[in-house]
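*Asks:* Working from the sequences, and respecting the hints, build out all of it.
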Amino acid sequence: MVDMMDALLILLQLYDSNFPSGAYAHSWGLETYIQDGRVRDAATFREYLEAHLRGPLVYTDGFAFRLVHEAAADHDFERVATVDGRLYVNNVPQETRSAACRMGKRLVVIARALFPGEALLAEYEQGVRAGHVHGHPAVVYGLAARAAGVDMPRGLAGYLYSSLAVQVQNGVRAIPLGQTDGQKLLSALRVQIPDSVSRVLELQDCDFGAVSPGLEMAQLRHSQLHVRIFMS
Amino acid sequence: MELAERRGRTEIQSLVEEGALRLSRPVYGVGPDPQLYLIHVGGGCVEGDVYELTVVCHTGSRAVLTTQSATKVYKSPVRPVTQSLAIELAPGGCLDFRPDVIIPYEDARYHQRTHVRMSSSARLLYSEILTPGWSADGQWFRYSECRSWLTVWVDDRPVLYDHQWLCPGATFSGLGQMEGYTHYGSLLVMGYELSHPTHNVLAESVQNLGVQGCVGLSPLPGPGFMVRVFGLSTDEVEQVFHVVRGRIWREWYGAMPQRLRKY
Numbered sequence: 031m032v033d034m035m036d037a038l039l040i041l042l043q044l045y046d047s048n049f050p051s052g053a054y055a056h057s058w059g060l061e062t063y064i065q066d067g068r069v070r071d072a073a074t075f076r077e078y079l080e081a082h083l084r085g086p087l088v089y090t091d092g093f094a095f096r097l098v099h100e101a102a103a104d105h106d107f108e109r110v111a112t113v114d115g116r117l118y119v120n121n122v123p124q125e126t127r128s129a130a131c132r133m134g135k136r137l138v139v140i141a142r143a144l145f146p147g148e149a150l151l152a153e154y155e156q157g158v159r160a161g162h163v164h165g166h167p168a169v170v171y172g173l174a175a176r177a178a179g180v181d182m183p184r185g186l187a188g189y190l191y192s193s194l195a196v197q198v199q200n201g202v203r204a205i206p207l208g209q210t211d212g213q214k215l216l217s218a219l220r221v222q223i224p225d226s227v228s229r230v231l232e233l234q235d236c237d238f239g240a241v242s243p244g245l246e247m248a249q250l251r252h253s254q255l256h257v258r259i260f261m262s
Numbered sequence: 447m448e449l450a451e452r453r454g455r456t457e458i459q460s461l462v463e464e465g466a467l468r469l470s471r472p473v474y475g476v477g478p479d480p481q482l483y484l485i486h487v488g489g490g491c492v493e494g495d496v497y498e499l500t501v502v503c504h505t506g507s508r509a510v511l512t513t514q515s516a517t518k519v520y521k522s523p524v525r526p527v528t529q530s531l532a533i534e535l536a537p538g539g540c541l542d543f544r545p546d547v548i549i550p551y552e553d554a555r556y557h558q559r560t561h562v563r564m565s566s567s568a569r570l571l572y573s574e575i576l577t578p579g580w581s582a583d584g585q586w587f588r589y590s591e592c593r594s595w596l597t598v599w600v601d602d603r604p605v606l607y608d609h610q611w612l613c614p615g616a617t618f619s620g621l622g623q624m625e626g627y628t629h630y631g632s633l634l635v636m637g638y639e640l641s642h643p644t645h646n647v648l649a650e651s652v653q654n655l656g657v658q659g660c661v662g663l664s665p666l667p668g669p670g671f672m673v674r675v676f677g678l679s680t681d682e683v684e685q686v687f688h689v690v691r692g693r694i695w696r697e698w699y700g701a702m703p704q705r706l707r708k709y
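Order-wise, the sequence lines are chains A and B.
Position one of the first sequence corresponds to residue 31 (our numbering), numbered consecutively onward.
Position one of the second sequence corresponds to residue 447 (our numbering), numbered consecutively onward.
Keep in mind that the hints were calculated from the coordinates and are not lab data.
Errors might be hidden in some of the hints.
Short derived list, chain A residues pointing at chain B, Cβ under 7 Å [as the list claims (entries may be wrong)]:
#1 Phe49
#2 Asn120
#3 Gln124
#4 Val196
#5 Val202
#6 Ile205
#7 Pro243
#8 Met247
So these bits of chain B aren't anywhere near chain A, every CB distance computed over 10 Å [unchecked claim]:
#9 Asp608
#10 Gly622
#11 His688
Note that beta-carbon positions come from the ideal geometry of N, C-alpha and C, so glycine has one too.
*Replies:* The structure is reproduced here in structure tokens:
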């Protein structure tokens, strides 16, 4: 009972949208859509969030989370490092590539503090510091969820939820939308998370990192916007 | 196919052809490098077809490689048409690979795997353009799926793993996917360090073309960079590629890339 409650509380802490991951500074292409007028209200913002949940959150971040969680169960750091490397070379837009590294570097330090006895997190932090690995949030969250004793599908659902929650907050600030609209959107997205988790569970190695062309285009074009409040 | 440099000229050192893929005799004199045309002796790709192509550019050899016509992929509901391309570039080797567009027909499934191993002193231009395909009733995006995996290793270090997986469906034209555009192109340039000013210059000159599409650029580790284009016609995408290729050719060879005459 105590263990279960503890696992729940650790999940809440890791996936709290106030968790200092630095995600609030990145729009992952949203800012381009807002400036184009393509995302302008709750309905169009929902299209954007759904595209993320069906696309990169499944094929890239979600799949990477699963692979890392599985590798961690086997105490296999080589496999963890391989996922980290693939995430890096799969990320074509420079802004999102460095955003992921920056967040990963920051998160691994916090995760290390929360799970000081975890060998893989220690190795990942050292690797990031020495430049052997690049750093990515999906890797840190996968290792942390495993360290917390959270099973993979549940940990993955939490990771997808927290990724969406941060993006909803960013949208509420940038579009702007009311807080209630934001929460309604998050509820609508939340019920779609189990589908995305099932999809991740059935992916094969060759499915890794499938690009969503439109989202990537918005991320690529972000660096050319004249006014930017987000770093990506 | 192995290309080698001999007395300042790139020649075909060895060539093994089998099945439906052939290579034309190299065309000299239209530019600084020979042009090589890949010829598909059948009319197009049918279900279960497997194509394999290996191109080795030995030290200092340079070539422009293209296809004779579009890659037409016919109905292939069960077994996809697959194409594997391996490119090896030795130090100083340069390859400008510009195949014609891919036209997936109704119910077509196409898988393309491209693997590049190159030296950090080699240079590569690599483009691909996917059209909305062809169907009997004239509707676009009636193919089942088009997938492309592109990996690049520079000096035995992975620098790019690009995976495109286009499956037309309910949300395919919507936000995040094709967004109303019909043509999708990628141009990869490796062996070129894209500086911030050049990035801006390229972005601006592409904008000045006045195409209706969308263009995105990003530097890659390696070094290199990727250009992605959304357009409403093959011509639009090619115009963008021509501008980028022109800039790179001027810097690399002090020459303009020749437009390829076919048909």
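*Asks:* Take the hints in turn and mark each one as holding or not.
*Replies:* Each hint tested on the structure:
1. Phe49: 26 Å, violated
2. Asn120: OK, holds: Asn120/A within 7 Å of chain B, min 5 Å.
3. Gln124: 5 Å, holds
4. Val196: Constraint on Val196/A not satisfied, violated at 18 Å.
5. Val202: Violated, about 18 Å.
6. Ile205: With a minimum Cβ separation of about 14 Å from chain B (threshold 7 Å), the hint on Ile205/A is violated.
7. Pro243: 6 Å, holds
8. Met247: With Cβ-Cβ at 5 Å, under 7 Å, it holds.
9. Asp608: 6 Å, violated
10. Gly622: Answer for Gly622/B: violated, closest chain A Cβ roughly 3 Å.
11. His688: His688/B is indeed farther than 10 Å from all Cβ atoms of chain A, at 19 Å.
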